[in-house]
Amino acid sequence: MNLIVGVSDMKVSNDIESTIITYSLGSCIGVTIWDKVARVGGLLHFMLPESSLDVEKARKNPFMFADTGIPQLFKATYTLGAKKQRMKVVVVGGAQVLDQKGFFNIGKRNDMAVRKIFHRNNVIIDYKDVGGNVNRTVKLNVKTGEVLLKVSGRGEKTV
Amino acid sequence: MSEINRILQKIDQLKPMPQVAHKIMAIVQDPESSMAELSDVIVYDASVTANILKVTNSAYFGLTKKIETVHQAIVFLGMDQVVDIAFMASSADNLVNAQDGYELNEGELWKYSVSSALIARELAEVKASDKAHMIFTAALLKDIGKVILNQYVADSSEEIHRLVSEQEYTFREAEKEIIGIDHAELGGIVADKWKFSPEMIEIIRNHHVPQNSTKTEFETAIVYMADTLCMMMGLGVGSDGLSYRFHQETVDRLGLGEKDFQKIIVNFGEKIGEVEELMQTT
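Going down the list, the protein sequences come from chains C and B.
In terms of the working numbering, the first sequence is residues 474 to 632.
In terms of the working numbering, the second sequence is residues 743 to 1024.
Okay, chain B solo, but in the shape it has when bound:
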């Protein structure tokens, strides 16, 4: 068996996305769907329900009243927020562990994922995207490939770092060169195996090379931007550091000026404390 095939087999070791996540995704994509339908689907999954309530009552949302049912959570936070929280609750298990190959301690990849997802959602709203859920979820799961590639990055760490420090490779390019597959490509394969939409797969696969997306050029650009901002803020950054490329044309395409860029940093920086609390509850 080739090395790549051995890596691909490891996808089965991930905890599968719970059924409820797929059902929620289907409801979200149906313009006719109602609050009651969403609530009905969620309450059948006890662990996701428990997580939603914990997160809803965390300091991040600062609600004064204690929320006790999913229905109440939807009333107070809105469907959009509850859907995002449900995806967070469905993804945490795969993303919380330490990833030594990337020098990420326990919780750091999770911090990176949640921060990227929150920034991506904010950007999606600013840009009035009607695909905010897809953008949030893709940003949340974009580094799922790292969980599988971790061991291989650890084994080839010296060679990868040599390419990055001496030959101006990005970390992703070095993964591809040395291991034969990179974490974004692998993430796309995971998303495909999990039966995500072709759009989600494309965003995850191209989150470092947004210009390669054809169906989701705009959505990928937003996820890319959120990822870049997280790196700059040092949120859950590991041994890959900031060794990825800046695509000025993507920033321009989103119509983000220098001030907008800094304002996103300031706004997110202001609530990092609450975000950390939010993560500890999931």
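Okay, chain C solo, but in the shape it has when bound:
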């Protein structure tokens, strides 16, 4: 079964028949996590780095922001038996428009937010494909933990 994760959305599953998918990330970032022992996977598609921008909206939908979405993603998989130290973590997206610099480079700021949160929580990223001017789609196979990454103009690869 395909579980589709929309923009500012998250899904977790322990159904080994399922694939969790998010399409078209742009400057947004997709984080997939997978525990091979529990066979539990999750995918978050967030838009912006920090919830301080709009605390009220972050409360209504924590998946909009990196700092509120990532903890929720991990917690949701823990309830299905996953453990942090066994997690395979993949981070993709964070693209930018050409010549986009500084504060307006949301893709880069999203990437920095993920790095900061993972560093603080001792999470190691197993695979990362972030930045550039490309659009990405990502699919996590809950049975095998394989992540299929589709990049505009570059084709597909499995990681």
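Please keep in mind that the hints were generated in silico from the structure rather than gathered at the bench.
The reader is advised that the hints may include incorrect statements.
What the hints assert, rightly or not - The calculated BS3-like cross-link candidates involving lysine-lysine, where the alpha carbons are at most 25 Å apart (straight line), are:
| hint | chain 1 | residue 1 | chain 2 | residue 2 |
| --- | --- | --- | --- | --- |
| 1 | B | 1005 | C | 589 |
| 2 | C | 556 | C | 589 |
| 3 | C | 533 | B | 918 |
| 4 | C | 533 | B | 937 |
| 5 | C | 533 | B | 1005 |
| 6 | C | 556 | C | 509 |
| 7 | C | 581 | B | 1001 |
| 8 | B | 935 | B | 918 |
| 9 | B | 1013 | C | 530 |
| 10 | C | 581 | B | 1005 |
| 11 | C | 574 | B | 935 |
| 12 | B | 918 | C | 530 |
Let chain C serve as the given structure and place chain B on it in line with the hints.
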């Protein structure tokens, strides 16, 4: 016949803008026009009327009462909204199909167009523009050139991607270099053929290079900004990805700070679900 001429001939394969769209545009541009005149023009086009009612009753607007006539729609949503919906209903046919050359599945170009138009309208309102309809419609139709160029982009896909990935060309610049014409330029020609105003033509033609607009510098800047934000949000983005240029001076000209920029993303992100529903009804 040259390649460019062959491409230009294909404009005739597009479904022409319905007569009602032109009439609505004329009413909108007339400051003396009334609600009754607008309603009278719309009801003579059965398919546009049906679409307006479907969209008006969609979850996007969240009305509690079922709307059954165009007149009621105008009363509940206002003339401005109904005009926008009428343009959406008049444009969907040309924009819903898959565009393989751009790796866009069915409905993706439509999603991009509608999202850009809604964001552009919001920006137009924030900036108190009196040309919100023009901005909405130009944003909605700005990529009409892609529908024609699609086949040519498919045939030259490798060369285009080589220029983009190896030589820092934007996707539009690569189209121009390899095919001889780009989708924005072609969109301007379509708008001209459809007898749109010179302002509309200029916005569509320059939506990736807003600094080139002279008559509509401000309006083009808004459409450009909406387009950029859609790309960043990944709304209906295809093989061209985000391979277009960011013009900081255009952002500055609109007086948009970093926070404003993120707030537009948050506000639109919050209603993407409803927007998707809105698109399925048109």
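**Report entry** Violating hint indices (sorted, rising)
**Finding:** 3, 4, 11, 12
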